Structure formats: structure tokens, C-alpha cells
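Colleague: So the chains spell out like this:
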Amino acid sequence: MIKAKNLTKKFKDVIAVDHINIDVPQGQIFGFLGPNGAGKTTTIRMLTGTLKPTDGEVEILGLNLKKHEIEIKRRIGVVPDEPRIYSHLKGFEYLEFVMDIYRINNKETLSKIEDLCNAFGVNYLEKMISDMSHGMKQKLILISVLMRKPEVVFLDEPTVGLDAKSAKILKELLKNYAKQGTTIFLTTHILEIAEYMCDVIAIINNGKIITQGTMEELKKQTGDENKTLEDLFLKLTAQEEDIKHIVESLSR
Amino acid sequence: MREFFILLKYGASNVYSQRLSSKKKKYNSFKNQLILSLLGSLPLGIVVFFFTKDLFTKLYSVDPQISKLMFLFWITILSLFFIVGYLGMAMYSLSRNEEIEFLLTLPIKRRTLTIYQIFVSTISQLFVLSFYFFIYLSYMIVSKENIIFGILKLFVHFLFLISFSSVIAVLLGGKTNKGIVRKINVLISLFAIFFYFLIISFQNVNMDQVQSLVKFFDFTTKPYNILAWSFISNKLFIFALLLSISFTLVFSILANKLAFEPVERKTSKNYKIKGYGTVMKAIYRKDLKATLRYEQFLYFVLYPIGFGIFFSFINKDYFVTLFTVIPITTFYVAFETAILTNAEFTNLQTILTYPVKFTTLMIPKIIIPTSINLLIVLSVFMFSAFKTNLSYLSYLIVPITFLLFSMSSIIGMYFVAKNPPKTENMNRIFGIGQTFIIEGITMGLAFGSILPISFLINPQTSFKMRIISILIMIASIFISSVISVFTFKKLKKHLELSLEN
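First to last, the protein sequences are chains A and B.
Each number in the numbering used here corresponds to the 1-based position in the first sequence with 3 added.
Each number in the numbering used here corresponds to the 1-based position in the second sequence with 213 added.
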């Protein structure tokens, strides 16, 4: 469903993403982790056709991204890291806009919107987006994506700004979608979420994927089966020692 | 006091937030904003001073009472402008907005915050205050009023207006938002500009007309005209003084208890989500909403029309209206396109995920401002055609205007695409340099393309002048076309490049 081969992005002299390979089959929840500035968002942007790669190929739903960009965009859903949407529209007007842009006009979508609004406690669709908080906008974007039930969903830090109930609903919903065949590509800094949800986890650091596998496989790689994902993550990204030193020096 | 000055230095940018230069990242302090406002309002005030002094002298020589009537009428109108503008701003400033939300977390007394907000609200009306001061100064000189008593009257009048409006603002606090404040400010600025031209136009009116006109101003001398109490009579001046003290006391009590309540925005729950299923319709509808909901849209429409009509009355020539409207609207097309374009660039990361080509999203940004302004020009054109017999040559205006608007729109889009503003304040969408360039190109070429038509339709124009006019017109049209094509190519290249990064 999601395939990337030698995916590379250079910004002048900086290599943000360095020849990475990704293969996510249908119905899998793929967790893409990494420290700030590791290349997660750049990778998502290249996979979703919002940023042109310097090198490499991307295939989504069996279609080449370069050749079928619009067709792919119509069939996937993307929740960006920041909920930036047209501030001059009201909530419901934004949903109407998305429906039109994706050429959907059916009763099923309307009832889906109603269900999602009830689930996420969205009772402010009449408000101007400029008056909405970060969390409110995040929910609106989530609804605008989930109402279409896309075949592949990319989510960049989807739980940021969400209340505990909404975050839980989102996690469960995504798991159910995956069971029904939706492919999910997820980035998060909350490692518990990744541990709980993801079938496969890849860790990127300095633009390179340093490890990839199921939770069990990752544990085997590091040789300690009792460790949590957080421990593994810090060990693999070589931040464990850093943290010790920083905490010691700050505690003085 | 120290806290107050710190607030002035680092704050006061909420409603007047300036554009941060992306290169210099230099903060525009309140002092700079104040200097800019003064530079904008003082020259006009000085012009008003000379015009009104001349008029008051003439009226005073006929009848001092007529001179006073005229003075009181203007003071009443200006007081009304001040109260409306000040109230809008103060009602917003004294409610819970983004700036207050932050300031309340700092160790600053509520009283200081309130005084600061009142000060900022007062300064926001500098344009009106400058007119006020200079009109009063000219009247004081002409009527040979005692200077100290005159200054005291002016002080009491300001105190009365500010204290009265402040109490009302506190009581009604939280009923406006930034959008409403900006709309009110736009209208007040617009009225102030027309007021300015009204004063100037009085120079061309003869004394008999003025005398018959001022009879209508008689109401301004009545005791119920609280907007001019300090100047009507000494008895009413004392009333104004006492009331000002009372209002100030009430306000100072309220100021320390001010809760800075959140703004109430009434929204209707009655909506029904409908999909239309057409991409282009969705984009046009969205952009049209953005245009109509923009706070200064009213200004963009009313200003060129009002300005044009005003000039046509002064010159008694309806065709002049068109020459005034076209250069102004050409300039505004660039602004309107820039505002719509910026909405896409601000939300680029979300927008690029839509299954729509970016160029498809950009086309309405050219078509909507061009169409709206073309409609304005056509309305004025039809009005002119209805009032006077326009020559067939004058119909050339329509295609030329279309070309000018398209060029202006492309330039506006290019500047924003090249350097997207980092502020939400769309009044500062272009930097000063960019504004000058756009103003020079659009207005220069608009005059160059349109003005020669007036020479060509005038039968008294000499043959030599006709040839020169034709050459200027052809050159301007040619340059407009070249700039349009050249900028469009640069824009296309830039958009492709920006999508790669």
C-alpha cells in the first residue's frame, strides 16, 4: 500500500531524509518515530505528494506518486502536524469545502460527519475557524479526513491538542479501521501510543531509518526483552546517556 | 508608571500588529507606530487648519454666530466619529482578547492594564483628534478666544468624551471582536477622509450658500447636544466638567474591578451541511467568502466609489469619476488578490494534500478581485453614461481596465508568493517597498492608459496632443501586457520551486 524506495530529500547542503526504504502492507499500522528534526514530517510530506523528493520513488495503492498524484491524493487522507486551515470559514463550511474538493455528496458521508462529531464532542461547527483552539481545529481536520474513510491514512502527531477521551476514541477507531483494511502511517512522540497501536515501528534519526520491526523484533535487536519502547527508543537514538548528564547537571 | 511604559514599548501591537520584516525581524515599537500615525494625521490637520481658518474668518466677518454654528457642527460630527471609533476599540480592548489573556498572567495591576488599553484606544483615534485640535485652534484664533480658557475647554471636552465613552465601553465590554473593531476603524477613517474633502470643498462655496446651509446646523447649539457642551455655553461647560469628573471617578472604580470578560460572539446553530460535488464551485465559494468577510472589503468598495462621486461633484464632470475610480481600484485588486493568496500560503501543508492542482486553487484569486472591481468600474461607467453622452471612444475603458486589473492581480499574487507575510494583519500584507512598487506600477499605468482617452474625446484637443495621447496610451497598454506576461512567468516558476521546498 505504501512503498518508498531510496527516498531522499536534500535542502541545499542538508540531507533531511537519506535513502530510506519503506514498505507498509494493507491494514497495517506503521509507526514512524524519531527525535525532533529527524526527518519524520519531511518523509510524510514526500509520501503524500506535498513535497518533491530529491531522489527515490514512492508508490501508494500500487500507483506511482509522480504519475498519479491527484488520483492518490483523492484516495488517501492526511492529518498534518499542525491544524492549519482556512480561518475565514466556519467549521461546517470547511467540511462542505472538503466534501466538494473530494467530490463526495452522499447521505452516508453526512451521517458519518454526524457520528464523528458526536464521538469527538464537536458541537461548534457554526464557529469561525479563527475562533477555534488548536484542539478544536485538530478535531475538525480529523473529521474531514475520517468522514471519507480513505484507503490509506497518514497522521502526523494526531493526538496533539486532543483531550483524553478524544485521543482514546481516535486510537481505537484507527485500530478498527486497520482491521477493516485501512493502512495507517503514524508519527508520534508519545511512545505509549506507538507501543499500543502500531504493528510495525520504524525509528528514523538524522534522516536514516536506524531500525524497523515489530515491538518484539525491536526488543530482540536491543537484547533486552523487558524494556519499554521509550527505553529502546532512547537507546537506539543514543539519547539515554545525554539525558542522564543533562538531568544531573540541572539538578545541581 | 514603569509598567505602563513597558506595556507601551512592547505591547500595543495587538490590533495594530505590524508586519515583521522577514529579513530584519525588527520589532515595530509603539513609539514607531505613534510617529507613523502622527506623520499621517498631522499634515492633514495642518491643511484643515488653514482651510477652516480662512472659512471661519469669512463667516465671522459676515456674522460671528454663523461662524460658531459651523464650528459647533464640525465639532459635533467629529465627537460622534471619536465616540464610535473609540467605543469599538475600547470595548474590544477591555474584553478578554489574545493580548489581555497574556497580560493578565504578568504581575501588572488591572488598573495599569485598563489605563494602557484606554490610552491605546485614544491614540487609535489620532486622525480624528488631529482634525479636532486644528479646527478648534483655527476657530479660537478667529474668534479671539482667551487661550487659557480655550485650552481648558478643549481639555474638558476630550476628558468628557474619553471618560463618557470609557464607562460605556466597560459596561458594554466583551461585545465586540477584532473584526468589528477593524470594520469600525475603516468606516471612521473613510468618514474622516470624506470629512476632510468636505472641509476643503467649502472653499468653493459662496457665502450665501454657506449661510443658508448653516441654518440646518442650528440643532448643534441646543443643550441636548452633549457632543459640544464644552463649547456651546459657559453653563454647559461647567456641566461637562462635572460630568467628566463623575465619569472618571466611576471609571476608576470600575477599572480596578474590571474582569476583562471574554468576547461574546453570537453564532447561529442553524446550519445544514451540504456537498455540491464540484471542485471549482467549492474554491470560488470559499474565496468569495474570504473576500466578503475581510474586514476592509467595505473600504475597498466604498472608497473608490465615494472618492469618485465626490470628485465628480466638485468638477461637475461624471467622466472624472472614472479616472479617479480606475487607478484606485487597480491598486486595490493587487491587495485583494494578495489577501486571498496568503490564505493558501498560510495553510499550505494542509492544502497541498487536497486532490487539486495548486494552479487550480490560484485562478479564483485573480478572477474574483478582478470581477468585483470590474463590476465597480462598470457601475460607475454606466452611471456616467446615463448622466452624460459618452463618446464611443470612452468604451475603450472596459477592456483596458480588464487588462490593468489582471496585471495588478498577478503582481499582488507574485509578491505574496515570493515573500508570504508573517502577520495575521492583512493591512500589512505588503512591505513598504512592495507597496510603493505596486502603487507606482498600477496607478501609473492606470493613469497612462485611461487619462489619454479624456484628451481624445475632447473635441478641443489639438492634433499634436491627440498623437501624444495615443502614443502614451499604447505605450501604457504595451507595458501593462509585458509586465503581466513577465510576472506571470516568474510567478509560475516561483510556485513550482516553492512546492519543491
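Fair warning: there could be bad hints in the mix.
[Stated by the list, open to error] In silico lysine-lysine, DSS-like type, Cα no more than 30 Å apart, as pairs:
no.: 1; chain 1: B; residue 1: Lys494; chain 2: B; residue 2: Lys705
no.: 2; chain 1: B; residue 1: Lys396; chain 2: A; residue 2: Lys110
no.: 3; chain 1: B; residue 1: Lys702; chain 2: A; residue 2: Lys140
no.: 4; chain 1: A; residue 1: Lys140; chain 2: A; residue 2: Lys152
no.: 5; chain 1: A; residue 1: Lys6; chain 2: A; residue 2: Lys70
no.: 6; chain 1: B; residue 1: Lys702; chain 2: A; residue 2: Lys13
no.: 7; chain 1: B; residue 1: Lys705; chain 2: A; residue 2: Lys55
no.: 8; chain 1: B; residue 1: Lys703; chain 2: B; residue 2: Lys677
no.: 9; chain 1: B; residue 1: Lys357; chain 2: B; residue 2: Lys494
no.: 10; chain 1: A; residue 1: Lys152; chain 2: B; residue 2: Lys487
no.: 11; chain 1: A; residue 1: Lys69; chain 2: A; residue 2: Lys55
no.: 12; chain 1: B; residue 1: Lys706; chain 2: A; residue 2: Lys69
no.: 13; chain 1: A; residue 1: Lys115; chain 2: B; residue 2: Lys502
no.: 14; chain 1: B; residue 1: Lys487; chain 2: A; residue 2: Lys8
no.: 15; chain 1: B; residue 1: Lys703; chain 2: A; residue 2: Lys110
no.: 16; chain 1: A; residue 1: Lys70; chain 2: A; residue 2: Lys130
no.: 17; chain 1: A; residue 1: Lys140; chain 2: B; residue 2: Lys703
no.: 18; chain 1: A; residue 1: Lys140; chain 2: B; residue 2: Lys570
no.: 19; chain 1: A; residue 1: Lys174; chain 2: A; residue 2: Lys130
no.: 20; chain 1: A; residue 1: Lys152; chain 2: B; residue 2: Lys570
no.: 21; chain 1: A; residue 1: Lys152; chain 2: B; residue 2: Lys502
no.: 22; chain 1: A; residue 1: Lys55; chain 2: B; residue 2: Lys487
no.: 23; chain 1: A; residue 1: Lys222; chain 2: A; residue 2: Lys247
no.: 24; chain 1: B; residue 1: Lys485; chain 2: B; residue 2: Lys396
no.: 25; chain 1: A; residue 1: Lys15; chain 2: B; residue 2: Lys502
no.: 26; chain 1: B; residue 1: Lys570; chain 2: A; residue 2: Lys8
no.: 27; chain 1: A; residue 1: Lys15; chain 2: B; residue 2: Lys705
no.: 28; chain 1: B; residue 1: Lys703; chain 2: A; residue 2: Lys70
no.: 29; chain 1: B; residue 1: Lys570; chain 2: B; residue 2: Lys494
Keep in mind the hints are simulated off the structure, nothing from the lab.
These figures come from a predicted structure and were not determined experimentally.
Colleague: Hints first: check each against the structure and report whether it holds.
Modeller: The hints, checked one at a time:
1. B:Lys494 x B:Lys705: Answer holds: B:Lys494 to B:Lys705 is near 23 Å, not above 30 Å.
2. B:Lys396 x A:Lys110: Distance of about 39 Å is beyond 30 Å: violated.
3. B:Lys702 x A:Lys140: violated (36 Å)
4. A:Lys140 x A:Lys152: holds (19 Å)
5. A:Lys6 x A:Lys70: Holds. A:Lys6 to A:Lys70 sits at ~15 Å (cutoff 30 Å).
6. B:Lys702 x A:Lys13: Judged against 30 Å, a Cα distance of about 26 Å means the pair holds.
7. B:Lys705 x A:Lys55: holds (16 Å)
8. B:Lys703 x B:Lys677: violated (39 Å)
9. B:Lys357 x B:Lys494: violated (66 Å)
10. A:Lys152 x B:Lys487: With Cα atoms ~18 Å apart, A:Lys152 and B:Lys487 stay inside 30 Å; holds.
11. A:Lys69 x A:Lys55: holds (9 Å)
12. B:Lys706 x A:Lys69: holds (19 Å)
13. A:Lys115 x B:Lys502: Holds - the C-alpha atoms of B:Lys502 and A:Lys115 are around 26 Å apart, at most 30 Å.
14. B:Lys487 x A:Lys8: With Cα atoms ~41 Å apart, B:Lys487 and A:Lys8 exceed 30 Å; violated.
15. B:Lys703 x A:Lys110: violated (44 Å)
16. A:Lys70 x A:Lys130: Distance ~39 Å between A:Lys70 and A:Lys130 Cα, so the pair is violated.
17. A:Lys140 x B:Lys703: Roughly 35 Å between the alpha carbons, so the hint for A:Lys140 and B:Lys703 is violated.
18. A:Lys140 x B:Lys570: holds (24 Å)
19. A:Lys174 x A:Lys130: Holds - the C-alpha atoms of A:Lys130 and A:Lys174 are around 26 Å apart, at most 30 Å.
20. A:Lys152 x B:Lys570: Judged against 30 Å, a Cα distance of about 22 Å means the pair holds.
21. A:Lys152 x B:Lys502: Given that 30 Å is the threshold and the Cα spacing comes to 28 Å, the pair holds.
22. A:Lys55 x B:Lys487: Given that 30 Å is the threshold and the Cα spacing comes to 34 Å, the pair is violated.
23. A:Lys222 x A:Lys247: With a Cα-Cα distance of about 22 Å, the restraint between A:Lys222 and A:Lys247 holds, given a limit of 30 Å.
24. B:Lys485 x B:Lys396: Cα-Cα ~28 Å, so holds.
25. A:Lys15 x B:Lys502: Given that 30 Å is the threshold and the Cα spacing comes to 39 Å, the pair is violated.
26. B:Lys570 x A:Lys8: holds (25 Å)
27. A:Lys15 x B:Lys705: holds (21 Å)
28. B:Lys703 x A:Lys70: Given that 30 Å is the threshold and the Cα spacing comes to 25 Å, the pair holds.
29. B:Lys570 x B:Lys494: It holds: about 15 Å lies between the C-alpha atoms, which stays within 30 Å.
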